[in-house]
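Participant: Start from the sequences and build out the full structure, keeping to the hints where you can.
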Amino acid sequence: MLDMHSVPQQQPQGRQFNPYTENGGTILAIAGADFSVIAGDTRQSEGYSIQTRYAPKVFRLTDKAVLAVNGFAADGNMFVKKVRQRLEWYRHAHAKDMPIRAIARLIQTMLYARRFFPYYVYNILGGIEEDGTGAVYSFDPVGSYERETCRAAGAAQSLVQPFLDNQIYFKNQTPAAGTSFPSHLPLSTVLSLVIDSFTSATERHIEVGDGLEMYVVLARESTALQGVEGIGGVQEITMTEEGHRVFVIRRELKKD
Amino acid sequence: METSFALTGKGYVIIAADTTAARSIVKMKVDADKIKVLSPHLLMSYSGEPGDTIQFAEYVERNIRLYQIRNLYALTPSAAASWIRRSLAESLRSRNPYAVNLLVGGYDTTSHQPHLYWIDYLGTMTEIPFGAHGYGSYFALSLLDRYHDPEASLEEGLSTLKRCINEVAKRLVVSPDRYTVKVVDKDGVREVEL
Amino acid sequence: MSIMEYNGGSVVAMVGKDCVAIASDLRLGNQALGISSNFQKIFPVTDRIYVGLPGLATDLSTLRERFRFRVNMYTIKEEREIEPETFARLVSSTLYEHRFGPYFIEPVIAGLSKTPSGGVEPFIAATDLIGCLNFAKDFVVAGTASAKIFGVAEGLWEPNLEPEDLFETISQTLMNAVDRDAFSGWGCMVHVITKDRVITRTLKARMD
Numbered sequence: 001m002l003d004m005h006s007v008p009q010q011q012p013q014g015r016q017f018n019p020y021t022e023n024g025g026t027i028l029a030i031a032g033a034d035f036s037v038i039a040g041d042t043r044q045s046e047g048y049s050i051q052t053r054y055a056p057k058v059f060r061l062t063d064k065a066v067l068a069v070n071g072f073a074a075d076g077n078m079f080v081k082k083v084r085q086r087l088e089w090y091r092h093a094h095a096k097d098m099p100i101r102a103i104a105r106l107i108q109t110m111l112y113a114r115r116f117f118p119y120y121v122y123n124i125l126g127g128i129e130e131d132g133t134g135a136v137y138s139f140d141p142v143g144s145y146e147r148e149t150c151r152a153a154g155a156a157q158s159l160v161q162p163f164l165d166n167q168i169y170f171k172n173q174t175p176a177a178g179t180s181f182p183s184h185l186p187l188s189t190v191l192s193l194v195i196d197s198f199t200s201a202t203e204r205h206i207e208v209g210d211g212l213e214m215y216v217v218l219a220r221e222s223t224a225l226q227g228v229e230g231i232g233g234v235q236e237i238t239m240t241e242e243g244h245r246v247f248v249i250r251r252e253l254k255k256d
Numbered sequence: 257m258e259t260s261f262a263l264t265g266k267g268y269v270i271i272a273a274d275t276t277a278a279r280s281i282v283k284m285k286v287d288a289d290k291i292k293v294l295s296p297h298l299l300m301s302y303s304g305e306p307g308d309t310i311q312f313a314e315y316v317e318r319n320i321r322l323y324q325i326r327n328l329y330a331l332t333p334s335a336a337a338s339w340i341r342r343s344l345a346e347s348l349r350s351r352n353p354y355a356v357n358l359l360v361g362g363y364d365t366t367s368h369q370p371h372l373y374w375i376d377y378l379g380t381m382t383e384i385p386f387g388a389h390g391y392g393s394y395f396a397l398s399l400l401d402r403y404h405d406p407e408a409s410l411e412e413g414l415s416t417l418k419r420c421i422n423e424v425a426k427r428l429v430v431s432p433d434r435y436t437v438k439v440v441d442k443d444g445v446r447e448v449e450l
Numbered sequence: 451m452s453i454m455e456y457n458g459g460s461v462v463a464m465v466g467k468d469c470v471a472i473a474s475d476l477r478l479g480n481q482a483l484g485i486s487s488n489f490q491k492i493f494p495v496t497d498r499i500y501v502g503l504p505g506l507a508t509d510l511s512t513l514r515e516r517f518r519f520r521v522n523m524y525t526i527k528e529e530r531e532i533e534p535e536t537f538a539r540l541v542s543s544t545l546y547e548h549r550f551g552p553y554f555i556e557p558v559i560a561g562l563s564k565t566p567s568g569g570v571e572p573f574i575a576a577t578d579l580i581g582c583l584n585f586a587k588d589f590v591v592a593g594t595a596s597a598k599i600f601g602v603a604e605g606l607w608e609p610n611l612e613p614e615d616l617f618e619t620i621s622q623t624l625m626n627a628v629d630r631d632a633f634s635g636w637g638c639m640v641h642v643i644t645k646d647r648v649i650t651r652t653l654k655a656r657m658d
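Residue numbers (this note's numbering), protein chains in the order written: chain A, 1 to 256; chain B, 257 to 450; chain C, 451 to 658.
Heads up, a few of these hints could be off.
The calculated DSSO-like cross-link candidates involving lysine-lysine, where the alpha carbons are at most 27 Å apart (straight line), are [stated by the list, open to error]:
(1) K467(C) <-> K654(C)
(2) K418(B) <-> K283(B)
(3) K587(C) <-> K254(A)
(4) K171(A) <-> K654(C)
(5) K82(A) <-> K96(A)
(6) K442(B) <-> K418(B)
(7) K564(C) <-> K587(C)
(8) K255(A) <-> K587(C)
(9) K654(C) <-> K266(B)
Heads up, incomplete: computed chain A residues facing chain C, CB under 7 Å, no partners named [to be verified]:
(10) V160
(11) E203
(12) R204
Calculated directly from the structure, the hints in this document are not laboratory data.
All values reported here derive from a predicted model rather than from experimental measurement.
Backbone N, C-alpha and C define an ideal beta-carbon position, used for all residues, glycine too.
Facilitator: Given below as structure tokens:
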């Protein structure tokens, strides 16, 4: 006989909606003398599951600025959308593209505006400064930023950044007597290092792999392209006639 | 709070330990000697959980003495420190581990070299030129990085020790006001007044 | 607070052409506070085998004593030196004996084993803290900077390096990795084991 009085008492239950997740992947940017390379893998995962093997993390903003976003993909995509909207308004108001230095500060204010409900993304902005030099700006999720020569972020940051310290900044190396290390490397070397970094990260990190997208931003009259004719799969995606050129190079990475 | 320092110099080791025995916020005793003389050329400062400290220090003292009686010679500083470390490491994985931190300093009469060992309650041991335990370490170690000289005379060593004690007195909120200072060198162990 | 990160420290071993290298940092810390900048984590087992023991420093000392005892017993009973692979199995079983109350150490083993033809063959291995063996053909890592070492090693290492090139590779790998790790660094020590001799060098590194 079912005793109606022994129905389990309703206990108060706590439920919390977690608005964030991590989607893996890694991004990387390196500045040259008159160019900038911004790269990211294309795998998007959650936990041990791969959601898609092609989800771009690197976006062309203007012909002299490319933004890479890594962390929570939904926040990342929304953030890029909002930055692009602000850049379009700027174009309508000023009839020119926003300089990268100003984009960097814009990104800071947009991130800090959400100080207490942040976009869960690490941003790296690469492109060409108004003086024609290659630039990389890196951000934390709430807008702290600095201009650097190179930066890795994301799941494999800890694997890639010390490698870059060694190969870009020549840390722990001493130049041969009477010589000195270059402050900027040629494009061919930079592209090789980016490819090496991502193949290494793919080898040892489960959240990195599938595809690699490398954006190359060239300053006006840059000759950086000479010496990289051998690299295949280069596609030009320049939009304006201002002289800055943007290319994207797509590569396969291991899919296991 | 409990603080102890030690440093080596030319042919000697100096160990200093504060003299307070505290319980909660109360100073129960202000003239406690927390540096044991283990053998003619061996010193050991101890700090940590009250009760454990004295119990463990006396256990060590008696066993080092027993070795000397049985074998007619004392353990070298490195051998003594290894034995003490092992006792703590075995205690760590027992039902009731000793929570005692030590500085073991001695003069090796076979090689005529001073040796100093830093040992914590886990049984972590490392030979060091200078070291400290307790809150004083956060002030003293940077000073010793700057001023320690392995070739310094005893007078210079004691003045470096004074720098550490003064810094702790100046910057640590709950600083001790008295220390016992003992020196071990080729002539054996003696207490010195600062 | 993780027990494996309490004292800090890292070890890496790499295979070369008829040689192996093993290297570690020299820091001993208590969480963020540095205690010693001369704390060795790599020890000789025989003339041709070295073992690195990163992890909890008290267990490092204890395991070093235990391995010395067990290798000495092996040498006396067998009347010959232990081979690297045998030593790796000894390490593994010693750790697994404490499966449910482990020593917090992840050993790295590097050595040269004898081949039937009288030559030598490089051998490296690493285990986790309960003795699960990993026989790698390229390099093995352990310690607080392990992810960083993996990243650099994967970029710098190549097969069949001669002893001096292997020394350069392992040194650069370790130094650049530990410079990005707050719990490792304060100097490095490298051993390159060749058929004829062991090259041991202390590296001058960043002290921050």
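Participant: All hints are to be evaluated individually against the structure, with a verdict given for each.
Facilitator: Hint-by-hint comparison with the structure:
1. K467(C) <-> K654(C): Holds, because 26 Å separates the two Cα atoms, which is no more than 27 Å.
2. K418(B) <-> K283(B): holds (23 Å)
3. K587(C) <-> K254(A): Holds. K587(C) to K254(A) sits at ~20 Å (cutoff 27 Å).
4. K171(A) <-> K654(C): holds (13 Å)
5. K82(A) <-> K96(A): Between K82(A) and K96(A) the Cα gap is close to 18 Å, so the pair holds against 27 Å.
6. K442(B) <-> K418(B): holds (23 Å)
7. K564(C) <-> K587(C): holds (17 Å)
8. K255(A) <-> K587(C): holds (22 Å)
9. K654(C) <-> K266(B): Roughly 26 Å separates the two Cα atoms, so the pair holds.
10. V160: This interface hint holds because 6 Å falls under the 7 Å limit.
11. E203: This interface hint holds because 6 Å falls under the 7 Å limit.
12. R204: Hint holds; R204(A) Cβ to chain C Cβ min 5 Å, cut 7 Å.
In terms of the numbered hints stated before, the structure departs from none.
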